[in-house]
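J.: Same order as they appear, the protein sequences are chains Z and U. Quick note: to get the working numbering, add 1 to the position in the first sequence (first position is 1). Quick note: to get the working numbering, add 106 to the position in the second sequence (first position is 1).
Since the hints were derived computationally from the structure, they do not count as laboratory data.
30 Å max Cα-Cα, derived DSS-like pairs, lysine-lysine:
#1 U/Lys186 <-> Z/Lys134
#2 Z/Lys50 <-> Z/Lys14
#3 Z/Lys16 <-> Z/Lys112
#4 Z/Lys54 <-> Z/Lys134
#5 U/Lys226 <-> Z/Lys134
#6 U/Lys189 <-> Z/Lys130
#7 Z/Lys134 <-> U/Lys189
#8 Z/Lys130 <-> U/Lys185
#9 Z/Lys54 <-> Z/Lys14
#10 Z/Lys134 <-> Z/Lys162
#11 Z/Lys112 <-> Z/Lys130
#12 Z/Lys130 <-> U/Lys222
#13 U/Lys146 <-> Z/Lys130
Between beta-carbon pairs, the in silico distance windows are:
#14 U/Ile142 <-> Z/Asp29: 15 to 21 Å
#15 Z/Thr45 <-> U/Met107: 45 to 51 Å
#16 Z/Asp29 <-> U/Met107: 32 to 38 Å
#17 U/Gly114 <-> Z/Leu6: 35 to 41 Å
#18 Z/Arg71 <-> U/Thr115: 20 to 26 Å
#19 Z/Lys117 <-> U/Lys185: 24 to 30 Å
#20 U/Ile142 <-> Z/Lys134: 18 to 24 Å
#21 U/Lys185 <-> Z/Thr45: 38 to 44 Å
#22 U/Asp153 <-> Z/Gly96: 44 to 50 Å
#23 U/Ala158 <-> Z/His108: 50 to 56 Å
#24 Z/Lys50 <-> U/Asn193: 35 to 41 Å
#25 U/Ile228 <-> Z/Asp36: 27 to 33 Å
Quick caveat: nothing in here was measured; it's all calculated off a predicted structure. A virtual CB, placed ideally from N, CA and C, is assigned to each residue, including glycine.
Each chain, letter by letter, is given below.
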Amino acid sequence: MAFNLDTWMDEVKRKDILFEFVGVITSDTITRNLDDIEAALEKTDENSKVKRKVYNVSVEAMQNLFHHGRTVPGVVAERFPDGQVFFFLSRAREGHFQIISANFVSHFESKLLTEKMDKLNSLSVEEVKDLYKLVLNNKEFSEKGGGGLGMIDIARKTQNKLQYRFFPMDADHEFYEFMVDI
Amino acid sequence: MDPIKIEGTPKTPTVSFDAGTGVIEIKGRSIPENSIEFYKPLVTWLDDYAAAPKQATTVNIQLEYFNTSSSKCILDVFKKLEKVFNNQNQVVINWYYEEDDEDMLDAGEDYQSILKIPFKMIEIEE
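With the hints as constraints, model all of the structure from the sequences given.
T.: Spelled out as structure tokens, the structure:
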């Protein structure tokens, strides 16, 4: 069955959503989104340790969208020429949150992301920590300004497996859904 | 050398670098999308400071949040200070973290394990 963006959104929205953003991501929208996320977390009765972790992972997930969420397939570009990204923060139960982010990627990016996440998911907590330090100390910044550390940091802070799905959009693009439990 | 004084914003930290006192401080949030732009002048200042540093330099880092884009830049700051330390000067990095913030303590310990400068991990009450 072909992927349907509206059906996907309906499915995601069945969760207990604390914050959602769908649209064009800029530095200013990130600032506003992070303010809103902080305010939404503040309203919960979670302890500060959990809130801080959720906020931290939100920062990285949001900035990953900023650096990589500019690709838009033709079918979406007609409606959103400047890009379109998706971000949802939901609360499963006390102390348990989930972040779902999504954007459009090329087949090449999909292959790279799959390799990167599979590799991270195969590592132990200690190995993820060691990889973080290795990349922190050695890796130069990419042209997009990312340090290549965002995904490693999310895996390290959550200590959970990174979940992902890719859905074909058109001949050149896929819809990339990223999910992590906190 | 002129000191650096920068007021914090929701995404960038308060910075105070003073060559006269040898006190270097970064406090608050460091979560800009592209941190190179923010940290470049700080790293350049430290290059000049390393040429004629105080005999004792105190570095206070008290961050509430920092993103991975900043983490590499903060390491660059520390590497300049490591140079000062390696030239027979005293340098101590005071790494402040809130009492239940294990992630911030871990981050400080990462830097401590990469660098050869004395670190003091200082727990603060929320």
